[in-house]
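J.: Relying on the hints, combine the two individually framed chains into one complex.
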Amino acid sequence: MRTPEAPNETVITEELQSFIGLESVASTYDIERHAVERFAAAIGDPNPLYSDRTFAESTSYEGLITPPTFFRSLLPGSYPKPYPEPFAHILDGGSKYRYNEPVRVGDQITVIRKITDLFEKHGRMGTMLFKVSEISYTNQEGRLVATQTSTTITYGTGEKDSGVGDH
Amino acid sequence: MATTNSGTETPMLWFDDVAIGDELPEVVKNSDTKQLVMYAGASQDFVAIHYDQNVAQEAGHPKVIIHGALKSAWLGELVTSWIGSTGRLLELDVQYRAIDFPGTSATCFGKVTDTRIEDGVGLVEVEIGLRNSEGATTTPGRALVSLPTQTTNS
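The listed protein sequences correspond, in order, to chains S and X.
Numbering-wise, numbering that gives the first Met the number 0 puts 12 at position 13 of the first sequence, and it's gapless, one number per residue.
Numbering-wise, numbering that gives the first Met the number 0 puts 23 at position 24 of the second sequence, and it's gapless, one number per residue.
In isolation and in its complexed conformation, chain X is listed as follows (with noise of 0.2 Å):
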């Protein structure tokens, strides 16, 4: 697993730093038509509830929804940008438990849920998810991360 980190620059967030019940900084995301139409256009996924309104609401949708694939990528990018260049991503795992529009307020949220370290590598385990403008996570998910370590260790 290519996990170490052989660059020179400063680590942004240290293994050793890390503890659970740590909360990452929130990511806020508030998407419109367009940015689900771009999303369409840069992901390929052409399924149309996301940008026609007649089929979402033949779909049973009340009007056109956010691309789950797009709520994930939200997620990757609180998890990376909390870890820096000089973490990994090694997990992510996204579920959508309900649908989100755009057009609303979407929240990004994770919390440190485990720290080890396995092979001299330190590993960090994080629950993460979306919430809606209503305070409901939509879309629950969790992922591991390895940051560098600053001590040595066993």
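Next comes chain S alone, as it looks inside the complex (with noise of 0.2 Å):
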């Protein structure tokens, strides 16, 4: 309900609302080398950690881990009704990671998201939509690896960019 002395209308509608604290459907990936390796090249971290084996196991890992932000490969799943975007374009405000453990190649990581916060702001871009989601990462023991709290920032008219909903 919008309050008489509310000077613009809010995008931040009751059915945009119903979505804090909606989980998303879980999502298992494998960790699988080559995609930590991949991950490791396209950010271009050289630490062998993440791809020469001998070294990793000789190590207090034992084996083989995945980068600090290789959580970010791992998409969570969509929510169980589909996202009202109001936005056409996106902007990533930030992450922070909280590491329990470190994930190694050949575990398996389940990911569910929810939106703990959605705020607006008004600045140069317009209207702008602040969604903050909480991002879980459970591993095959059912142990919490690491959580990731993401800002996503979309804003603007005109034809959706791809991808804009998906963060």
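Misleading hints may appear alongside valid ones.
As the list claims (entries may be wrong) - Listing some non-contacts, in silico: residues in chain S with all C-beta distances to chain X over 10 Å:
no.	residue
1	Val10
2	Thr12
3	Gln16
4	Thr27
5	Arg37
6	Thr53
7	Tyr60
8	Leu74
9	Pro81
10	Gly105
11	Ile111
12	Leu117
13	Phe118
14	Glu119
15	Glu133
As the list claims (entries may be wrong) - Once the Cα atoms are required to be at most 27 Å apart in a straight line, the calculated DSSO-like pairs of lysine-lysine come out as:
no.	chain 1	residue 1	chain 2	residue 2
16	S	Lys159	X	Lys33
17	S	Lys80	X	Lys62
18	S	Lys120	S	Lys80
19	S	Lys120	X	Lys62
20	S	Lys113	S	Lys95
21	S	Lys120	S	Lys95
22	S	Lys159	X	Lys62
23	X	Lys62	X	Lys33
24	S	Lys159	S	Lys80
25	S	Lys159	S	Lys120
26	S	Lys80	S	Lys113
These are calculated hints, taken from the structure and not from any lab test.
Note that beta-carbon positions come from the ideal geometry of N, C-alpha and C, so glycine has one too.
T.: As structure tokens, this is what we get:
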């Protein structure tokens, strides 16, 4: 419900509000050696812990692990109902990672995303919608290995950029 | 929290050798559009502002922009290459305050802001960031790491 003194109409409709706290459908990924190698090559990180099995086995990790932001490649599933994204363009606001234990090649990681906050700001780009999501990563033994709190910003009208709504 | 380091390798960096104000060795990244395409594929982030000039301009950018998450990956490398395989990255926070472009040089830097021992674990807090070629910090952040201790401590 709008208060009478509200100067602008909010883009955060009741329908959007109903996504706060809603969990995405769980997605489970096998952590594959070559996917990790490819990710490390793409970010340009030469750390042998991600690619040199013999070296990695000689360390306290006792095997190949994933780079700290490898979680970005483990896309969360969709929500149980279609997310009504009001805007066309997207910007990443930032991420906060918390690491409980390393992810190893051979692990199975289950990803669940939950929107924890939605708010709007008015700036140079017009009205911008900020979406804060908390993403959990749980391994095959049921232990929460890491979380990522991600803020995405959407704005502007027009044809939707591919990928808006996935993040 | 899995912060113990059970291996037998010699630590590259001891908690005891770190002091507030220490600077991390800088990591310089010179990206190009090819790297953005590689990152898009590896991370499955196919938002087109990172590879399609027209889409980038429609979204209000002068040209294609670097994925924020790629900048996070570089800052992750800054910290993990400093602590080596016996340190553990516990927290990494990165904020994308301004956009960056491929074809320019980005410098990842960091500085120790706190050291403490909690439950026998040596914890080090670092302020980190990415500086563009004009000297502006576009991407500030922080990290918390644990490092092996040499001395017996309370």
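J.: Each hint needs a verdict: does it hold in this structure or not?
T.: The hints, checked one at a time:
1. Listed as outside the interface, Val10(S) is consistent with that label: its C-beta sits roughly 17 Å from the nearest C-beta of chain X, beyond the 10 Å cut-off.
2. With a cut of 10 Å on Cβ distances, Thr12(S) stays outside the contact zone with chain X, its closest approach being about 23 Å.
3. Consistency note on Gln16(S): stated as away from chain X, and its beta-carbon is indeed over 10 Å from all of that chain's, at 25 Å minimum.
4. Under the 10 Å C-beta cut-off, the non-interface status given to Thr27(S) relative to chain X holds; the minimum distance is some 16 Å.
5. With 10 Å as the threshold on Cβ separation, the claim that Arg37(S) sits away from chain X is violated: the shortest Cβ distance comes to roughly 5 Å.
6. Distance to chain X confirms Thr53(S) as a non-interface residue, since its nearest Cβ pair spans about 13 Å, more than 10 Å.
7. Once the 10 Å rule is applied to beta carbons, Tyr60(S) is inconsistent with being away from chain X; the minimum gap is 6 Å.
8. Residue-level check failed: Leu74(S) sits 6 Å from the nearest beta carbon of chain X, not beyond 10 Å.
9. Distance to chain X confirms Pro81(S) as a non-interface residue, since its nearest Cβ pair spans about 19 Å, more than 10 Å.
10. No Cβ of chain X approaches the Cβ of Gly105(S) within 10 Å, the least distance being about 17 Å, so the stated non-interface status holds.
11. Every CB of chain X is more than 10 Å from the CB of Ile111(S) (nearest about 17 Å), matching its label as outside the interface.
12. Every C-beta of chain X lies more than 10 Å from that of Leu117(S), the closest at about 19 Å, which supports listing it as non-interface.
13. No Cβ of chain X comes within 10 Å of the Cβ of Phe118(S); the nearest lies about 16 Å off, and the non-interface call holds.
14. With a least CB separation of 17 Å from chain X, Glu119(S) remains clear of the 10 Å interface cut-off, as annotated.
15. With a minimum CB-CB distance of about 14 Å to chain X, Glu133(S) clears the 10 Å threshold, and the non-interface call stands.
16. A hinted pair counts as satisfied when its Cα atoms are at most 27 Å apart, and Lys159(S) with Lys33(X) qualifies at roughly 24 Å.
17. Between the alpha carbons of Lys80(S) and Lys62(X) the distance comes to roughly 34 Å, so the proposed pair goes past 27 Å and is violated.
18. With a C-alpha separation of about 26 Å, the suggested pair Lys120(S) and Lys80(S) falls inside the 27 Å cut-off, and the hint holds.
19. In summary, the hint linking Lys120(S) to Lys62(X) is supported, as the alpha carbons are separated by about 24 Å, within the 27 Å threshold.
20. Between Lys113(S) and Lys95(S) the CA atoms are separated by roughly 15 Å; this keeps the pair inside 27 Å, and the hint holds.
21. Between the alpha carbons of Lys120(S) and Lys95(S) the distance comes to roughly 21 Å, so the proposed pair stays at or under 27 Å and holds.
22. At roughly 18 Å between alpha-carbon atoms, Lys159(S) and Lys62(X) fall within 27 Å of each other, so this suggested pair holds.
23. For the proposed pair Lys62(X) and Lys33(X), the alpha carbon gap of about 14 Å is at most 27 Å, so the pair holds.
24. Of the supplied pair hints, the one linking Lys159(S) and Lys80(S) holds, its CA atoms being roughly 19 Å apart against a limit of 27 Å.
25. Distance check on the hinted pair: Lys159(S) and Lys120(S) sit about 20 Å apart at the alpha-carbon level, within 27 Å; holds.
26. The suggested pairing of Lys80(S) with Lys113(S) holds, with an alpha-carbon distance near 13 Å, which does not exceed 27 Å.
When each numbered hint is compared with the structure, violations occur for hints 5, 7, 8 and 17.
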